[in-house]
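Enquirer: The chain contents come next:
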Amino acid sequence: MKMLINVPETVVADALRGMAVAHPELTVDVEHRVIVRRDAPVPGKVGLVSGGGSGHEPLHGGFVGQGMLDAACPGEVFTSPVPDQMVRAAAAVDSGAGVLFIVKNYTGDVLNFDMAAELAEDEGIQVAKVLVNDDVAVTDSLYTAGRRGTGGTLFVEKIAGAAAEEGAPLEQVQSIARQVNQSSRSFGVALSAVSTPAKGSPTFDLPAGELELGIGIHGEPGRERRPMMTAGEIAEVTVDAVLEDLRPQRPVLALVNGMGATPLLELYGFAAEAHRVLAQRNVAVARTLVGNYVTSLDMAGASVTLCQVDEELLRLWDAPVATAGLRWGA
Amino acid sequence: MSEEPSPGPVVDAAFFRRWLVAAAAVIDREADQLTELDSPIGDADHGANMRRGFTAARGAIEKEPPETPGDVLAQTGRHLISTVGGASGPLYGTLLRKAGKALGDSAQVTPEQLRDALKAGVDGVAQLGGAAPGDKTMLDALVPAVEALSFALDKGAGLIDALAAARIAAQEGALATVPLQARKGRASYLGERSIGHQDPGATSSALLLGVLADTAEQSAAGGTG
Chain A
1 MKMLINVPET VVADALRGMA VAHPELTVDV EHRVIVRRDA PVPGKVGLVS GGGSGHEPLH
61 GGFVGQGMLD AACPGEVFTS PVPDQMVRAA AAVDSGAGVL FIVKNYTGDV LNFDMAAELA
121 EDEGIQVAKV LVNDDVAVTD SLYTAGRRGT GGTLFVEKIA GAAAEEGAPL EQVQSIARQV
181 NQSSRSFGVA LSAVSTPAKG SPTFDLPAGE LELGIGIHGE PGRERRPMMT AGEIAEVTVD
241 AVLEDLRPQR PVLALVNGMG ATPLLELYGF AAEAHRVLAQ RNVAVARTLV GNYVTSLDMA
301 GASVTLCQVD EELLRLWDAP VATAGLRWGA
Chain B
1001 MSEEPSPGPV VDAAFFRRWL VAAAAVIDRE ADQLTELDSP IGDADHGANM RRGFTAARGA
1061 IEKEPPETPG DVLAQTGRHL ISTVGGASGP LYGTLLRKAG KALGDSAQVT PEQLRDALKA
1121 GVDGVAQLGG AAPGDKTMLD ALVPAVEALS FALDKGAGLI DALAAARIAA QEGALATVPL
1181 QARKGRASYL GERSIGHQDP GATSSALLLG VLADTAEQSA AGGTG
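Protein chains in written order, with our numbering: chain A, 1 to 330; chain B, 1001 to 1225.
Just chain B, with the same shape it has in the complex:
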């Protein structure tokens, strides 16, 4: 949070397409790690499922690039629902579909619009899955990230700094799932034995938010802003 906020990156359809390409690459790179986290408290497939979904979504979006930011997110969400399966497919699909819908037809997105869209997406996840923060789910990364983003924007930060704060909050949120006992999803069957493991869904959520922060930084650095 520096002096005068720079004009910031242009958050348009191309921005979200760059985010998706980078997200697919990060998920691909981290897939084995996500599956490893999913072994003791899940069923050892989170990385493989996310990789399949994001690879498919990236392919489809690159083939027929949607023209608005909202459409990029909503269509990515639909592809995830059609390819991921498990609980992650509907949950991540809903996150992006609701966020995309909230962006409407705007060709460019303001930081406040992005915040509101993320909030709409996260609310959609909470409603669909019936989970709350503290249940050891992806919400434990997403909710603090949206709060950090809001807080930073309210304090006058630019988008790059606000997303950097969101990234840190998401990473901390994911780490903070370690001592929690799972109350939703397959890990909940373990009861107290789910304590001591980091939640794979919170971890992948933190990765995706991290890529969003990276995309903003690189978009500005690349002079597109």
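For reference, chain A alone in the conformation it holds in the complex:
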């Protein structure tokens, strides 16, 4: 597998050096692997810190900026960052109003953020946490690590970020973040396997002519395999899997998310099909976002995330945001 890299060991540091040159509005600490808003800590504002394995860009570093995250901690590829990074990020963004850790539900992320929260509190920083677990493909929560955090993370970071930007206190920002997570569900499909730089070849076997339903974002295979389908058929399976679990009573935000290697031309076509299915199921869509936001390196495929919103959540979604990966109204 050809990759546009130097050596696998430096891919994360190399990418951070690139972020630094492209985004002077961010403070990128390449050595300690922390990306921070240049104006942090913003006086009186709750600090939002997230992080996770690299390979999901623009998540999380691309969502640092006004109206979203205050800092992000990138780990190695598909590997949770370490507590030192999170404590450093928390210290950099804490204005005294406290810090919210936004944690995707994976064993490594949970363990490292838990350790970091203890260490940060030892340093006098008030820390609250929210766990994102929106992936409906994991059906058996009792005998697994539980539902994974995927596309819903973008909704949590954007909406909680808007609330924090308006000056909401820590408890309220945490409660809004939880509400967004509870209102969000995702389901993804893969058309090809992912290759990590360390391995240099696909991490699982997906024969030509087949697709994987219920895929995660780390190359972990999903729920089942089927012969390849059309975009319309995939939209039906995907949207129905989400709706079956969410059963929305109000309009939804729709994220039609590319996994990294699927062209926007295909994604927009898939978005049209997803909308068609949602209309047939009588679900009103308030806003639609199409693009590569929560990716899995070079995997081809897509996911659909729906987030049920009331007027307040919709207002916060529409609020200005200025980050490398998401930008409007600012």
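Across the chosen pairs, the derived CB separations fall in these ranges: (1) V21(A) with A1025(B): 30 to 40 Å; (2) A322(A) with G1059(B): 32 to 42 Å; (3) E266(A) with K1063(B): 46 to 56 Å.
In silico contact screen, one side only, chain A against chain B (beta carbon under 8 Å); selected entries: (4) G75; (5) E76; (6) V77; (7) F78; (8) T79; (9) P81; (10) D84; (11) T107; (12) L111; (13) M115; (14) Y143; (15) T144; (16) A145; (17) T203; (18) F204; (19) H218.
Derived by calculation from the structure, the hints in this document are not laboratory data. Every residue gets a Cβ at the ideal spot worked out from N, C-alpha and C, and that includes glycine.
Based on the hints, put chain B in the right spot on chain A.
Expert: Here is chain B on its own, set in the frame of chain A:
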């Protein structure tokens, strides 16, 4: 388990530093194999992460060698937490930190103290990760190894033989994860499809225990005992 147990190796800070140097070498040698095991049921990075962590820990410990066995283990654990990431970092870090803490300030460790420390470390891993034997995790190598170590010591074996028994139990435990369905960690998302693959974490645990047995043998052979 021979005649009269020989005096056995001196288990001091230098012993654990030798263990760490050898462990880093074995992890480095086996890293690709661990990553290979982590591909079908994980995310193909266990070897790379462990190599990064143990290389860093060895470097730090060699630079400023701690003076007690407990400190060598506890500081190694802290370095792993700071460098490995993923679930392996906190889990292996906790294993060594708790074991190190259990050893207290002793300058030399008896076989029974070593057993109790390993047990404390393994209990810490179980508590942090919430897993039990049979869940297809590192505990499937660690728990039988500690049991074998205890059993052998109770029967009057010396440390070298008891650790050799622990090594075998850990290797068998790692192999026995093949038919298991994963219930914790990223492999659990595969459900039944995790069956038929050896757990990478149990495999690296068995490697580390194997190095501990080697270190004891070589320490005795080298006449330090």
